[in-house]
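**Q** Given chain A's structure and the hints, the job is docking chain B onto it.
There are 2 protein chains.
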Amino acid sequence: MQGLMMDMPLLVSGILQHAARHYGDTEIVSRRVEGDLHRYTYADCERRSRQLADALSRDGVSIGDRVATLAWNGYRHMELYYAVGGMGAVIHTINPRLHPEQIAWIVNHAGDVHLAFDLTFLPIVEAIAAHCPNVKSWIAMADEDRQPASARVVNLVNYETLLARGSTDYRWPEIDERSAAGLCYTSGTTGNPKGAMYTHRSTVLHAYAAALPDAMGASSRDCILPVVPMFHVNAWGLPYTCPLVGAKIVFPGAQLDGKSLYELFESEGVTYSAGVPTVWLGLLQHVRQAGVKFSSFKRTVIGGSACPPAMIRAFRDEFGVEVIHAWGMTEMSPLGTLCRLQNRHLRQSEAAQQKILEKQGHVIFGVDMKIVDDEYRELPWDGKTFGNLLVRGPWVIREYFRGEGGDPLKYDADGRGWFPTGDVATIDADGYMQITDRSKDVIKSGGEWISTIDLENLAIGHPAVANAAVIGVPHPKWDERPLLVIVKKPGAEVTRDELIAFYEGKVARWWMPDDVQFVESIPLGATGKILKTKLREQFHDYRLPGA
Amino acid sequence: MQGLMMDMPLLVSGILQHAARHYGDTEIVSRRVEGDLHRYTYADCERRSRQLADALSRDGVSIGDRVATLAWNGYRHMELYYAVGGMGAVIHTINPRLHPEQIAWIVNHAGDVHLAFDLTFLPIVEAIAAHCPNVKSWIAMADEDRQPASARVVNLVNYETLLARGSTDYRWPEIDERSAAGLCYTSGTTGNPKGAMYTHRSTVLHAYAAALPDAMGASSRDCILPVVPMFHVNAWGLPYTCPLVGAKIVFPGAQLDGKSLYELFESEGVTYSAGVPTVWLGLLQHVRQAGVKFSSFKRTVIGGSACPPAMIRAFRDEFGVEVIHAWGMTEMSPLGTLCRLQNRHLRQSEAAQQKILEKQGHVIFGVDMKIVDDEYRELPWDGKTFGNLLVRGPWVIREYFRGEGGDPLKYDADGRGWFPTGDVATIDADGYMQITDRSKDVIKSGGEWISTIDLENLAIGHPAVANAAVIGVPHPKWDERPLLVIVKKPGAEVTRDELIAFYEGKVARWWMPDDVQFVESIPLGATGKILKTKLREQFHDYRLPGA
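If you're matching them up, the sequences are chains A and B in order.
Using numbering that gives the first Met the number 0, the letters of the first sequence correspond one by one to residues 0 to 546.
Using numbering that gives the first Met the number 0, the letters of the second sequence correspond one by one to residues 0 to 546.
One or more of the hints may lead you astray.
Think about it this way: if two alpha-carbon atoms lie no more than 30 Å apart in a straight line, the pair counts; the simulated BS3-like pairs of lysine-lysine are [as the list claims (entries may be wrong)]:
1) B:K528 to B:K383
2) A:K297 to B:K297
3) A:K297 to B:K354
4) B:K354 to B:K488
The hints are simulated quantities; they were obtained by calculation from the structure and are not laboratory data.
With the rest of the complex left out, here is chain A (with noise of 0.2 Å):
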């Protein structure tokens, strides 16, 4: 029997309809790249939306069309999201920091038919113009008086002067919201970039469950600043939570230095922040080397790569803001799970909060996760066992983009597909998720699995070492046993013996390194990652003493 209620599809048109309609003369102030700050409302924002969305479709853009951005964090980004995807097409964010060759690589993947983005990034779009037939306009986010000329890129096109060209008439459609709103491609790191391609559903269920007051907590009190970029993930969702919730948005542009955002923070009344925790080091030794404490900033969600307890534990007692640690992935939408505290941790000691907070913390509504071993079957929530992390929802991926690496998903007993993150962790009888390594990373010794983050986060407690990192390598009985790989600090000793004797007592015997390996630097990516595939590289002719 089918209820009785009205039939009304889930679409991102209608986040930003309700803002301009219950929250229209609440503010978006962006830091432009020209420097100064714009600012308008969520009414002004939707009515441009609406032009733009007209002006792209006058221009032959049609429903399913990729439109891409190289874009900083700005009113034009946003009015691009709710434009492309509010008329039916797939607004597909690009990392302007990815390798040129690289960008014009997803452009033709995705298939893009219009490119917009801002002043800083036309080097890159000179770069890869050539390369990209499908593209029929460059479209240069700058007000027309600063619209650049550029010899290498036909059909670059002014924003400003195309959404001149759109009625305020357009009404948005009414589209199936299973349609795709948005593309967004994962950074790679073996093989190829795959595309994750969000829905309206997916969109709209992911911003409820963001703002939920156990997720981000985002209300009309708030005055949100996403640092976190709108080329990663959609900024975490805060593009579409922020407009649900009526807060006010502060956008940065591309000035993330400390002393920018601080002063950002101070002028606007920022309430709420998002983003990396390298981000958050620069800002951290801005306010303490200017002696400044925030006037407004009560709370900051933190993810990207694991928050440093450290870096928790400054904000709080230093500048009284709660850091809210996330996690996700670009096949979730990202978000899966943060950490809050529950009504049973509130009476626990400060130290016992401290650890669950150092936690990547409980799923929200929406996402159900589990933990297994090779071969899938679930482990137990008891905090230590650890196990390949599988997660399901309605945000997150069932394939990618162009069907490209198959299906990966992975079935359980039931038939459900279960997508698995490529990450191991624990999780504890409350539900708390850990990060304990990555799947290709973990080690895998006598069948039983060892931790290198947890190997590597000890190594550095010594003081006497400036980096270090733990790859697997082989052993004839144990299949796999640790290497502990060092760099010295400048002038520092320490001998292998030493270090090995360092965790003892600290870890399970089995877990201690079979050896130690001093080199002069460990390969780092560009985000600061250590990069294990060089390093096991680097040691694939290495043997254990004995082995």
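**A** Chain B alone, transformed into the frame defined by chain A:
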């Protein structure tokens, strides 16, 4: 182009599964009809709900069948919500305060195949059983050793006996999210009661929205005691919202007096509650008389009828409890608006904030509203102009069960249907709605509208007035003019002219009542509301002086 996200239906069973998996040992505490406290966990609740679903389907209940309840707030009622809804049948909650004849009419109209009841309501069951031939069994929600016997009820079944026949191997079926999940009849002040039929989709979306920080703001840090009955529009959705966020639940059963509630608040650490103003009057009275304070209670939602401003102040100033004024209706699942301050209000004076908090509040994402005149032209949001309040959204009905009353919707120029709430309201520039009257009570004088509620509230402020009602009476020139009907306080004296003069400077001149009539009593309904229909009948032959 279709997106590529997992396609999972939004089902009520998914909410309880989420709670069982991720908040498995969070408690549900229930005061039972027997007087004792029952405690168990979300994992227990989910397991028993599955057992009950299996038992009911073995008993022949199938998809779309209606199963009714006459029950207080308690764990067995919660199990029925999820067992019946989760299996694809329809949980039909009935208000036991209705007259048995009305209840029998509703049971037959709904076509209920089973009816489960708390022992309190055995007399109702005995009165109606013979008149409800469709009901196959009457399920007493009691332990087996307390199972009642009744010569007047054939097929009296024990809840626990029934449940024990089900298997815990039962798996929740994956059904269409637009299937009916719940049924609730309006109180039916005019004509027969009409049924609102909720879907899985509407229920899950409503539960998401209800938990938002600007709505109820419910979280796993909360211990929630729903005073609002589960037979009254699903206790405002709390049996769905609480497990969605992992809040501890305390069900008060039949004991809703101030002392019993206070004791439960304290012994269970309740942080959050929800109910109608009359219940809170009793609680306030108790805590004041006993000279006690709340040690954990922080916030409460008050709705059902307008919350007196003095109650909002008393809770805040005397007890540090935040009152969240809310508005909705059976046809809206029920939440439409809730009243929380926005960022822009935080710097306003306490008096200005209090004025806002007295309004019914702001919509949550999912509900849209507008005010229109009698020709359905949209009226301005200036906080002064009032008009008929219309709503739409995925948890608003599109028609009543069995098509009763025809198509209730009003269509705008774009062909979109809006549900007319029957309320008259203002909306201010920030989107805050305030009910000023019922559509059928508002006085239409010379094309302008006069709020009877405003005039009554002013009259009650006069020291000689015990109660006041205002109705519109025919006028040859102005169509209608206000007549003030007054019950004087015992021993107090006041004249017609004094009362009319009392309005001077407080309302526009054309709002002032044309006449005053003194009566011994004003007809009140069961919930204390003035029965304006009766009052209008009573003054049917009355003529205005000079009219």
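**Q** Each of the hints needs a verdict: does it hold here or not?
**A** Against the structure, the hints come out as follows:
no., hint, result
1, B:K528 to B:K383, "holds, 25 Å"
2, A:K297 to B:K297, "holds, 21 Å"
3, A:K297 to B:K354, "holds, 27 Å"
4, B:K354 to B:K488, "holds, 29 Å"
Violated hints for the displayed structure: none, as all numbered hints are satisfied.
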